[in-house]
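Asker: Each chain is listed here by its residues.
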Amino acid sequence: NAGVMQNPRHLVRRRGQEARLRCSPMKGHSHVYWYRQLPEEGLKFMVYLQKENIIDESGMPKERFSAEFPKEGPSILRIQQVVRGDSAAYFCASSLQIGEHEQYFGPGTRLTVT
Amino acid sequence: QQQVKQSPQSLIVQKGGISIINCAYENTAFDYFPWYQQFPGKGPALLIAIRPDVSEKKEGRFTISFNKSAKQFSLHIMDSQPGDSATYFCAASTGSGNTGKLIFGQGTTLQVKP
Numbered sequence: 002n003a004g005v006m007q008n009p010r011h012l013v014r015r016r017g018q019e020a021r022l023r024c025s026p027m028k029g030h031s032h033v034y035w036y037r038q039l040p041e042e043g044l045k046f047m048v049y050l051q052k053e054n055i056i057d058e059s060g061m062p063k064e065r066f067s068a069e070f071p072k073e074g075p076s077i078l079r080i081q082q083v084v085r086g087d088s089a090a091y092f093c094a095s096s097l098q099i100g101e102h103e104q105y106f107g108p109g110t111r112l113t114v115t
Numbered sequence: 332q333q334q335v336k337q338s339p340q341s342l343i344v345q346k347g348g349i350s351i352i353n354c355a356y357e358n359t360a361f362d363y364f365p366w367y368q369q370f371p372g373k374g375p376a377l378l379i380a381i382r383p384d385v386s387e388k389k390e391g392r393f394t395i396s397f398n399k400s401a402k403q404f405s406l407h408i409m410d411s412q413p414g415d416s417a418t419y420f421c422a423a424s425t426g427s428g429n430t431g432k433l434i435f436g437q438g439t440t441l442q443v444k445p
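Protein sequences, first through last, are from chains A and B.
Numbers 2 to 115, taken from my numbering, label the letters of the first sequence in order.
Numbers 332 to 445, taken from my numbering, label the letters of the second sequence in order.
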């Protein structure tokens with residue numbers, strides 16, 4: 002009964018490179034949320050996806066950030082042309098179904114931009 | 332109106348004491364209020380949650396008190412233990428028909444002294 006899995010756990014990128022973060026939801030869960038946690042701050046919602054659909058991306062920065070959740074495989078959060086301000090912990094959470102509020106979080110990916 | 336305000340920012344409690352963390356919200360459409368516990372380097376773990384149709388929920392040493400009219404809710408940790416030392420986040424979300432995204436408070440760092 003594996004929980005939410007995220008990889009890599011740590012990612013170092015130079016400014017201008019691309020970062021690709023992966024999230025596999027809990028077994029049976031088809032709803033994925035991405036949150037960002039800046040140092041010494043709370044978690045901020047970024048995007049909510051179901052299989053093959055972006056449902057709510059109201060928390061996503063307008064540029065450089067994109068997310069997908071394909072029919073097969075993990076959800077991916079992509080950050081293009083990273084800048085130092087993108088350094089943060091990125092958490093993925095999954096839930097069983099819409100209206101099922103309980104969200105279970107993965108261990109996070111800690112992105113460092115040098 | 333989407334904010335959740337959490338206090339205190341940090342808290343030091345003696346072993347065996349009661350830890351109390353408070354949160355306040357503005358959006359009356361919120362109908363789900365979870366608390367998450369986060370240890371350093373880990374993802375947030377769902378601790379306990381409440382819906383506004385009840386005023387209190389208890390699970391072991393953890394109790395949520397909910398005051399709908401005041402739009403406030405709090406986490407009480409009874410008989411606090413050093414192992415409870417972590418960061419605690421309150422959150423809120425709206426119900427079915429919405430995306431269920433969580434709005435988090437800023438977090439409270441709890442230290443329980445032996």
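Keep in mind the hints are simulated off the structure, nothing from the lab.
Accuracy of the hints is not assured; some may be wrong.
[Unchecked claim] Below are the PhoX-like pairs computed for lysine-lysine, each with C-alpha atoms no more than 20 Å apart in a straight line:
1. B:Lys-336 - A:Lys-45
2. B:Lys-346 - B:Lys-402
3. B:Lys-399 - B:Lys-389
4. B:Lys-373 - B:Lys-388
5. B:Lys-336 - B:Lys-444
6. B:Lys-373 - A:Lys-45
Asker: If a hint holds in the structure, say so; if it does not, say that too.
Answerer: To see whether the hints hold, each was checked on the structure:
For a cut-off of 20 Å, the pair hint linking B:Lys-336 to A:Lys-45 stands: about 13 Å separates their Cα positions. Our distance criterion of 20 Å between C-alpha atoms is broken by B:Lys-346 and B:Lys-402, whose separation comes to about 30 Å. Among the hinted pairs, B:Lys-399 with B:Lys-389 is consistent with the structure: their alpha-carbon atoms are about 17 Å apart, no more than 20 Å. Between B:Lys-373 and B:Lys-388, the direct Cα distance comes to roughly 26 Å. Violation of the 20 Å bound is thereby established for this hinted pair.
For a cut-off of 20 Å, the pair hint linking B:Lys-336 to B:Lys-444 is broken: about 26 Å separates their Cα positions. Between B:Lys-373 and A:Lys-45, the direct Cα distance comes to roughly 16 Å. Compliance with the 20 Å bound is thereby established for this hinted pair.
In this structure, the earlier hints numbered 2, 4 and 5 are contradicted, and the remaining ones agree with it.
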